[in-house]
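K.L.:
Letter by letter, the chains look like this.
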Amino acid sequence: MKIVVLVKQVPDSGAERNLRAEDNTVDRASANNVINEMDEYAIEEALRLQEAHGGEVTVLTMGPQRATESIRKALSMGPDGAVHVVDDALSGTDALGTSKVLAKALERLNADVIICGAESTDARGQVLPHMLAERLGVAALTGARKLTVDGSQLTIERQTEEGYEVVTAATPAIVSVWDTINEPRYPSFKGIMAAKKKPVETLSIADLGVDAGEVGWAGAQTTVKEHTKRPPRSAGQKVTDSGEGGVALVDYLSSEKFV
Amino acid sequence: MDMASIVRLLPTPEAHELLELAEELAEKELAPKVDDFEARGEFPREIIRTLGRSGLLGLPYAEEFGGAAQPYEVYLQVLEVLATRWAAVAEAISVHTLACYPLYYHGTAEQKERWLPSMLGGELLGAYCLSEPAGGSDAANLTTKAALTDGQYLINGTKAWITHGGVADFYNVFCRTSGPGASGISCLLAEAGTPGLNPQARERTMGLKSSPVAQIAFDNAPVTADRLIGQEGEGFRIAMGALDSGRLGIAACAVGLAQGALDYATGYARERTQFGKPIIDFQGLSFMLSDAATQIAAARALTLYAARLRDLGRPYSIEAAKAKLFATDMAMKVTTDMVQVLGGAGYVADHPVERYFREAKVLQIVEGTNQIQRLVIARSLAKG
Ligand SMILES: Cc1cc2nc3c(=O)[nH]c(=O)nc-3n(C[C@H](O)[C@H](O)[C@H](O)COP(=O)(O)OP(=O)(O)OC[C@H]3O[C@@H](n4cnc5c(N)ncnc54)[C@H](O)[C@@H]3O)c2cc1C
Chain A
49 MKIVVLVKQV PDSGAERNLR AEDNTVDRAS ANNVINEMDE YAIEEALRLQ EAHGGEVTVL
109 TMGPQRATES IRKALSMGPD GAVHVVDDAL SGTDALGTSK VLAKALERLN ADVIICGAES
169 TDARGQVLPH MLAERLGVAA LTGARKLTVD GSQLTIERQT EEGYEVVTAA TPAIVSVWDT
229 INEPRYPSFK GIMAAKKKPV ETLSIADLGV DAGEVGWAGA QTTVKEHTKR PPRSAGQKVT
289 DSGEGGVALV DYLSSEKFV
Chain B
753 MDMASIVRLL PTPEAHELLE LAEELAEKEL APKVDDFEAR GEFPREIIRT LGRSGLLGLP
813 YAEEFGGAAQ PYEVYLQVLE VLATRWAAVA EAISVHTLAC YPLYYHGTAE QKERWLPSML
873 GGELLGAYCL SEPAGGSDAA NLTTKAALTD GQYLINGTKA WITHGGVADF YNVFCRTSGP
933 GASGISCLLA EAGTPGLNPQ ARERTMGLKS SPVAQIAFDN APVTADRLIG QEGEGFRIAM
993 GALDSGRLGI AACAVGLAQG ALDYATGYAR ERTQFGKPII DFQGLSFMLS DAATQIAAAR
1053 ALTLYAARLR DLGRPYSIEA AKAKLFATDM AMKVTTDMVQ VLGGAGYVAD HPVERYFREA
1113 KVLQIVEGTN QIQRLVIARS LAKG
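Respectively, the protein sequence lines represent chains A and B. Heads up, the first sequence is in my numbering, so the first residue is 49 and it goes up one at a time. Heads up, the second sequence is in my numbering, so the first residue is 753 and it goes up one at a time.
Bear in mind the hints are in silico, worked out from the structure with no lab data behind them. Hints should not be assumed to be uniformly reliable.
[Said to hold, decoys possible] Simulated pairs of lysine to aspartate or glutamate, EDC-like, Cα-Cα distance not exceeding 16 Å:
id, chain 1, residue 1, chain 2, residue 2
1, A, K277, A, E104
2, B, K780, A, E231
3, A, K50, A, E155
4, A, K244, B, E865
5, A, K238, B, D902
6, A, K244, B, E766
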């Protein structure tokens, strides 16, 4: 089974993140850049598939040069190799353009299963898996909290607000996963050492037959016009318990749909 | 000053990556869980397995047996990082590494091939049984006996204070196979589950509450003769050699522990205000922090100096004794002072400094009390 995992480098969601004043894009230069959290679950799921069914796991990343750190980190968890699409012309590319580039790269990789995180913590659009499925003409099994494989049949439990739906499709297909699907492993020291020797193929957009005009600022179909800082947190709601505290608490929790 | 800002002198880029991995594991696996496990006194077996899978249970041993071939100066800094968050886990790794020492350095090629890969592989955990109820410091007079008949030793006696007693997968047992004194002692590698190898009830310890310590009663416990490590009569020498290395591990734990206490107390002193300003702005208080930072840096330097001697193949046992002595006395002093920095808050379990304080105490006792370290150093001075 050939498995490709999509891995994106993003600014650490645990730290302060900013958009750049000049072009409203994510400030990646000053941020501590890490593997998109959800992608670690995608890598773990890919490795588990490989352990159960054999085959090969390839990491696919589109991103600037420094994304190699995240690629090495991903490889240290266990995948066999990586493909890195890196090109100056890609700066400013929107989701649609990204899906175009990744689809071209995926066409070359001939995956049976493509696994990715359900969203990235920087943009949180959740659109990419669907766009890729459309471009590649394969099924999209999105938002999985569980994945099982039986021959060429994939079955997921698709997480919803109320519960889950069972969705099946034949390979090739793209599966996006939530962090409920597994518990990602830590890299091992041996894995870190081995990752240095694993092949990482770098591709430019020319290699993929994509025109500079189709991507980057020029090709973007969407632009961010302006942005403002998130307002500071408003003060919480205080309930003074005069015997009715429990009721107020339950009322609040149910109004927020926690219970 | 916190862990992240410690400038580490490491020999290779891979060592930096290993330290980053240790930092990640400490932050994600240890820090969030330590309070709960310590409060319940539960041994974190699964967490240690997780560290094992990352390769942390065989760091200073050769790759051919599944180790990571790291020099001691690197291995010790990993222990230090872990000890800043959870001393019992760092100590567990140190004791396990100690328990692999006899086979690694004194086993035959065949013995090593047979047992070392699983011992270093991360899934198994070792124990080291030297102390006895009647003899801790005076280990050469131990009384646990092993008699050889028909190709197997039968062990009888009681070992005391055994870290991992009851949870270990293998036990190094130092026992008497012939006459009195050091030359009558041998080292046997016994498996957990050997009939007659009976871990007793856990001791109720002051600190390191998640680390199980128990007596092991041996009642005609059979261990096949192929599990004798080294020659008969070499056991004491093996035990002392292992402890030279083990003491470096304890010293590193002490450095990490003290650093953890300093980091916490410093953060507190910046936030806590009295008389209208942060207490760190009072010189009387901040000088305690300065002294702690200085003592920690000195202990780290001494410990790593001893480790570097070891890595170079030079004699290091006296330097290891000095490092163990200095670093653990330092940790006791620093953790006492860090309780003081927090005032009343330092005395309650809502803050970790009282835990660090309780943990520091045992480091002055294990793997040779600090009196015994002084004795070792004094002997070398007397000899000239
Ligand atoms: C939590 C914990 C974990 C331990 N884990 C292990 C383990 O895994 N394996 C193991 O084998 N042991 C272990 N030990 C035992 C430890 O190594 C011994 O407690 C230690 O060596 C001291 O021996 P003792 O307790 O018998 O004290 P004693 O030897 O009775 O010493 C009592 C006091 O007398 C002092 N003293 C003794 N002789 C001299 C001397 N010649 N000069 C000056 N002072 C002297 C000592 O320093 C000490 O202060 C552990 C102990 C503890 C508390």
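K.L.:
Hint by hint, note whether the structure agrees.
P.N.:
Verification of the hints:
For the hint pairing K277 (chain A) with E104 (chain A), the CA-to-CA distance comes to about 43 Å; that exceeds 16 Å, so the pair is violated. Restraint check for K780 (chain B) and E231 (chain A): satisfied, since their Cα atoms lie roughly 13 Å apart, inside the 16 Å limit. Distance restraint check for K50 (chain A) and E155 (chain A): the Cα-Cα separation of roughly 13 Å lies within the 16 Å cut-off, and the hinted pair is therefore satisfied. Taking the CA atoms of K244 (chain A) and E865 (chain B), the gap is about 28 Å. The hint is violated against a cut of 16 Å.
Taking the CA atoms of K238 (chain A) and D902 (chain B), the gap is near 43 Å; set against the 16 Å cutoff, the hint is violated. Proximity of K244 (chain A) to E766 (chain B) is assessed by CA-CA distance (about 10 Å); at most 16 Å being required, the pair is judged to hold.
When each numbered hint is compared with the structure, violations occur for hints 1, 4, 5.
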